[in-house]
Structure formats: structure tokens, C-alpha cells
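Trainee: Those protein sequences? They're chains A and B, same order as listed.
Taking this note's numbering, the leading residue of the first sequence gets 1, the next gets one more, and so forth.
Taking this note's numbering, the leading residue of the second sequence gets 1001, the next gets one more, and so forth.
Please note: incorrect hints may appear among the correct ones.
[To be verified] The calculated label-pair distances, taken between Cβ atoms and stated as ranges, are:
#1 B:R1201 <-> A:T467: 45 to 55 Å
#2 B:G1082 <-> A:G314: 24 to 34 Å
#3 A:D534 <-> B:D1032: 37 to 47 Å
#4 A:R285 <-> B:T1108: 41 to 51 Å
#5 A:A288 <-> B:R1201: 26 to 36 Å
#6 A:D464 <-> B:R1201: 56 to 66 Å
#7 B:E1051 <-> A:H212: 16 to 26 Å
#8 B:R1172 <-> A:A180: 55 to 65 Å
#9 A:A558 <-> B:R1084: 25 to 35 Å
#10 B:R1201 <-> A:P533: 25 to 35 Å
#11 B:D1170 <-> A:R340: 56 to 66 Å
#12 B:R1084 <-> A:A180: 22 to 32 Å
#13 B:A1034 <-> A:P533: 48 to 58 Å
[Claimed, not checked] With a Cα cut of at most 25 Å, we get these calculated DSS-like pairs of lysine-lysine:
#14 A:K587 <-> A:K564
#15 B:K1165 <-> A:K210
#16 B:K1018 <-> A:K587
Keep in mind the hints are simulated off the structure, nothing from the lab.
Don't be surprised by glycine CBs; every beta carbon is placed ideally from N, CA and C.
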Amino acid sequence: MVGAAVTGRWLVGLDAAGGSALPDRGLIGGKAWSIAHMQSLGLPTPPAFVVTTEACLEYQRSGTMPDGLETELQAGMRWLEGRSGRRFGGDEKPLLVAVRSGAAISMPGMMDTLLNLGISEANLAALAAESGDAAFARDTYRRFLQLYAEVVLGTDCPELKCGENLGDWRAKVERNAGRAVPDDSMRQLSAAVQAVFDSWNSRRARRYRKHHGIPETLGTAVTVQLMVFGNFDGQSGTGVLFSRNPLDGSPVPYGEYLRRAQGEDVVSGRHTPQSLDDLHAHSPRLHAQLLTAAGRLEESNREVQDIEFTVQRGTLYLLQSRTAKRAPAAAVRIAVDMQREGAIDIAEAISRVTPAQVRSLLSPRLTAAAARTTPLATGNGVSPGVGAGVVVTSADEAESRAKRGEDVILATATTCPDDVHGMIAARAVVTEFGGSTSHAAVVGRSLGLPCVVGCGAGAVTALDGETVTVDGGAGGVYPGVLEIDHPDEREDEWLRQLLQWVAERSPLRVLRPDEAPEEDILDLDALEAAADPDRLAELLREVEAAGGRTVSSDEGIAAALAAKLRYIVAEPTLPPLLAAVQMSAGKES
Amino acid sequence: MADMREMHSVLHAFAIKKLGSIEDAAALTGLDEAQVSALAAEAVAGGRLNEVDGRYMVTPTAQITLKGVYAKVYGTLRDDAGFREDYEAFERTNDDLKQLMTDWQTLTIAGETVANDHSDPDYDQRIISRLDRLHDRAERLLERLAQHVPRVGYYGNQLLAALEKAEDGDLRWVSDATIASYHTVWFELHEDLLRVTGLARRE
């Protein structure tokens, strides 16, 4: 290790690996704290220091940068230079940093991350030589200017085109911002820190704090972290690692790795990442080091981790670790497995699965045989689920025929706001133009409606009047009404365990239709008023038991609990049971 | 600055807000409710609007008339280079907005698309922060567009109201299609601008 961590009145060097205690989260903010936490587990991170929340508060009090901060920032950069063997603002081996805002609680309105600070026209050639990629060096400079214009100068950055020269880029930014980007990297750093402090007082941040009762005295910290590069040589690369498989939840690490690449290459999809086996083949040592890190982070956080990492010239760096997003099947399996492993208790396991996740797992799907039917049209399946009905080509017709009790499929070339009422009435929506981000897709998903977009000119409006089945996940439109399969919650090992836990704890009994006694059970679906969630409470007053799809929804369960129903009738039973347990647990805490 | 006559403004309002109320149309047109009410009654009598329980929609023939009105009222504007540039900037922002909404609703996990079940507040917060920054850009753009088409200012206010509700913790205000969420209002604004420019919807 190179000397002691930098420290000052306004500044803390992150060096928990040196055995020192973790700095106070309130002083250094959440992002820096998680870097320090990784270090304290003995894991390698790029070196970083933090300008503390106290400096921010002093800035807010006095309106000027705190006395001595400038000098401390310089000392901080010297420290990073010592740790990395690189030079900030120099012509050779340029040291680049990422500047991030970070309060103990994240909030909107705060400055976004500024990357690649430290690059300049003077050291562009050096970065090009190190990476062996002149285009990369230029692009790094371009992205720096763009971000600097947006987050520090607060202007919409004009498009900086690849063919233009560096002077053109700077002139464009200056014209738009009315201010130039300073030449000196140290001055850029100081301006970036000040921009973070100013963002603490942005209208939206202030509003957010007021609404959520977050004290003004919290302040934000600024993290300055060395940037590492995965594209320097054949011993470099970048990737992500999940401590368990995020799709099926199996307790096997899952990751992607791309040799000789920088983070953006993976995100942008410009290159197809390889599996982690590629890293293993390349360097068993790094592979083992990475898996050990994943294990330690998961154990320490008691949660599945999603870890971003970079290998620079054969050295592993962990950039970020956070709770992993997961597919519904993985959510269920991981929660149950981690309870069985003793990492979490049953209540915690139950809290980690949402009713929406189990609904999605148990949602009806085409039978295997039905899914082999030759489709009439195919497109981009953007909102999963299966719907069948008669094709209509106007929203008004969809609405009027649905009102008469018909199942309809709305098929249009594109959708406009006019069509939304027809979409609400339909069992599925199909369009001829547009991709996964089209308005139709956004509206379809918001309504939980099966939706296939971009089937091609004339492909679906031509089906006017035909009866079809739409699979909004697979993206197919099939002739006729196809056979549907309802997954059984008792057939899957992990669902069965979860079901047992919630059934034992639920304040509301949930019976399957074949278990329900022969007595008066209110069918909410038969009541038009039940479509309005606000009226459910009044409909369930004086009622003993209720059934129908509506009562299984989150709103329905809330109303059933409030009305103290003896039981409800539903199939599957897991979603309403889980909702009931979570709602009552939410009330107790 | 060109603008539609009051009757056409009211018809336009109900073309954007199909089955909207008198209050909706008053808010969009900037006319007072009594005036909108009188004009709507006149339009119903003249076969230009249909009314169902105090909600209005434009009849098919009046829709065709409206197209001609747009061409006439906004003809000069359609040739205005500055306006067209701003509109193109809107289309670009529109692409960003749709991508953002898609990221709000879905996640890519290990190469597969799954629904965002909103179980991770950090993820949601990051998207709302992105929306917040997109809104800053949009706000400046809408101000410029409103110099030519004043009612654009109404959408700006509605967008901000939706954003603030989402920031306050009610996540429905991002993309729920059944309320005046950010996406709903944006979708209407887009439709409005398409009518002004006479351009076809690209998807």
C-alpha cells in the first residue's frame, strides 16, 4: 500500500482496506460508503476520495467554496496519482476521474455523474497510444465535453459529430453555454464539485426534501474516483457478474465478460459479450478472485449482488455492487433458497417476492401444442399475456363491442391517444408499425394488456373480423381460439414452499373454487361498479365471502382485509395470500 | 403568431381529448368554461360534436374539416425553419422519452426482458431522475414551441404536475394510461404537434 489515505478538513480518502473503520455514511454519502464497504471486505476498487457533506453545508452557508478545499482537492489528486502511477492534467499516462454526487439518501435533481474528467487535447494522444485505439480516445474526449456541458455548464449539448475537429467541439459547447470549458483539469474538477453543491439546491431537490421530510442539513458529498479502462490491452476487459442466476435463480454465479472493451461497449450492445467462461479460460486467477468477491458481497449484504467490474492490465477492479434485479422465477427461488441457507428468515423471504411476480409466473399461457400453430402475423411481443377474440380495427368499435360482452382484439396501423379507450376494452392489441418503445407498447404494458407491435404494413388490419389468439410475449397472432395452460402453484418446489409460508401467516383465508362451500359468495366480477377500486370497500360491506378476479387484485385484497371477509375464493391462491400477508405486515411495522 | 378561431380550438381540444369534459377543453384552449360550454352546445347542434354524459367527441366529418383548418392556420408555421428545427428536436426528445418509459416498465436481465415490478426503489428513483433531466430539456423546448402555439404551455404544466406527483412517490403518474400521467400527456402533446405540422405519425 502506498502511504496513508489522504485526509483533510473537507476531504476523506477511501482506504478502508487499511484496516480503518468505515467512515460515517452521513459524511461521505451512499455511493462512497458502498465503495468503502467493498474495500472493508478486502475487495479491490479503484481508489477514490470524497468531498464531505460538511463542505457542501459550508458552501450553502457562505455561498463560496470553503476555504482550503481547493488545496485539499489538489492533495487528493496527488494521492490518486500516487496510488495509480498516473498524472492528472499531464501529457503522459493521463489520470481520469469520475465525479459523482452522493447524499445519504438519493434524490432527484442532483447532478448526474461526470465521467472522464482529466482528459484534454494535450493528453488525447497518450490515451490513444495506451489503448491502441485513437477513435476511442477521441470519443472519450467527446463524451467528456458533452457531459461537462450538460451537468456542469447546464446546457443542452449540441451534437458533436465524429468528423469535426476538437476545436469545433469546444467552440460549439461555448456557443451554447455562453461559457467555455476551462483548459485546466484542476479547474474543471473544482467546477464539477461546485456543480454538485449547486444541484443540492436545485428546485427539484428542494421540493423532494420538503415532501419527504429530508432535513436540509444533510448535504451531499462528492465522490472523485479513478477511472479504470478495460480496453488497454489483451489483459484488460469489462463485465458484469450476478452472484446467482438472475433468470432462474439457481445458486450459480452468472456473468458476462468482454475482452478489451470499455463499459459502454457492453451496455451499447455494440459487441456481444462472452460468458464468464471466457474470463476463466483467459485467467483462472481473475475468475476465482471475482467469484470470491461475489460470494463475500452476497454474504455481507444477504442479497443477490449485481457487480460491475473491469480488468485493467491484469488487475481486477470492482466498480459497483448492488442488489440484483431478477426475473420472477428467480425472485421466488432465491428468496426460498436463502431462507433455507440461513441467510434470511421466513418473514424476510416473503417480503422479497411481490404478488405481481407470482401473478406473472402463474399467468395463463399457450399450451406447447398451441404455441406450435402457424401464426397469421408476427411482430415484436412487448407486453406478455395471452388474449383471444375478434379482430376489430377501430377503437370505437372495440369499445362498443366489448360493452356488449364480446372479446375483441384491437388491430391498428399505429396508435394515437384516441385509441386508448379502445385498448382498455380489448383483450389484446396488435399494431403494424413501431418497436418495443412505441406508444402502443408503453400504453399496452401500462394496462397489463397482451401487445404485439410492428407486424408490418397491412399484416393485422387485414384480419378484421377474424377470431385470433394473441401471444404478447412471443409476439404471435394465431388463427382461432387456442388452448390455454394454467400453471399450477403446487407443482413447483419453490412456489409450494412460499405458498405454505403465506398460507400459515395470512390473516385472510383463500379457498380454491373446488374447496369453497356451497353458499352465498359475492362474485365481484359480475358487478360493474367493481371496476372502480374506490368502490370495492362499499361493495364488500356486510359480505361474508367474495370471489372473482377483482378480489384477487391488490386493491381487492386491501378491501377484503378491511371488510374482514371470512374468506375469498381464488385460483391461484398464492398471489392473494402473499398480498394479504404483506399488507398486514406493512401495517404492523 | 397564428392561432385557431375559438370554435376550432374547442373542436381541436376534443379531438385531442376524446370524450373529454368541458373543463378539459377549457384548460387546453385557455378559454373560460362558460364559453367552451356554449361553443360545445353550438357544435353539437351543428353536428360537429357528439355528446355522451357531458363528454364530447368530434364527429367524423368535423375531423376532416379540422384537417383543413390546421393546414390553413399553421400553413406559414409549417414552412418556418426555426419551428421545424424545434419540432425535430421534439421528435428526438420523444425517442428518448419512449426509451425512458420502456426502461420504466421493463428491465433487461441477462439479455431477457422482464417487467419492472417496482420492487426496487433505487432503480425506480434512477429512472425518475432521468425523467427529471429529460423534463428540464423538454421545458426549454416547449417554451420555444409555445411561442408559436400557445397551448403547448398547457402541456408543459400538465407534464410538470405529473412529474411532481411521481417524485412525491405515486408511481402511477409516470406511465399509467388511465390517468394524465407523464406519458399520457406527452402522447397527447405529440398528437397535437403532429396535427400542427401535418406530419404523419412515424409509429
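Trainee: Now tell me if each hint is right for this structure.
Mentor: Okay, the hints, checked on the actual structure:
1. B:R1201 <-> A:T467: 45 to 55 Å: violated (28 Å)
2. B:G1082 <-> A:G314: 24 to 34 Å: violated (55 Å)
3. A:D534 <-> B:D1032: 37 to 47 Å: violated (30 Å)
4. A:R285 <-> B:T1108: 41 to 51 Å: violated (30 Å)
5. A:A288 <-> B:R1201: 26 to 36 Å: violated (54 Å)
6. A:D464 <-> B:R1201: 56 to 66 Å: Since D464 of chain A and R1201 of chain B have Cβ atoms about 20 Å apart, the given range 56 to 66 Å is violated.
7. B:E1051 <-> A:H212: 16 to 26 Å: Distance hint for E1051 of chain B, H212 of chain A is violated at roughly 43 Å.
8. B:R1172 <-> A:A180: 55 to 65 Å: At 44 Å between Cβs, range violated.
9. A:A558 <-> B:R1084: 25 to 35 Å: violated (50 Å)
10. B:R1201 <-> A:P533: 25 to 35 Å: holds (32 Å)
11. B:D1170 <-> A:R340: 56 to 66 Å: Cβ of D1170 of chain B to Cβ of R340 of chain A: about 37 Å, so the range 56 to 66 Å is violated.
12. B:R1084 <-> A:A180: 22 to 32 Å: holds (30 Å)
13. B:A1034 <-> A:P533: 48 to 58 Å: For A1034 of chain B and P533 of chain A the Cβ distance comes to about 34 Å; the hint is violated.
14. A:K587 <-> A:K564: holds (15 Å)
15. B:K1165 <-> A:K210: holds (13 Å)
16. B:K1018 <-> A:K587: violated (41 Å)
In the structure shown, a violation is registered for the earlier hints numbered 1, 2, 3, 4, 5, 6, 7, 8, 9, 11, 13 and 16, in ascending order.
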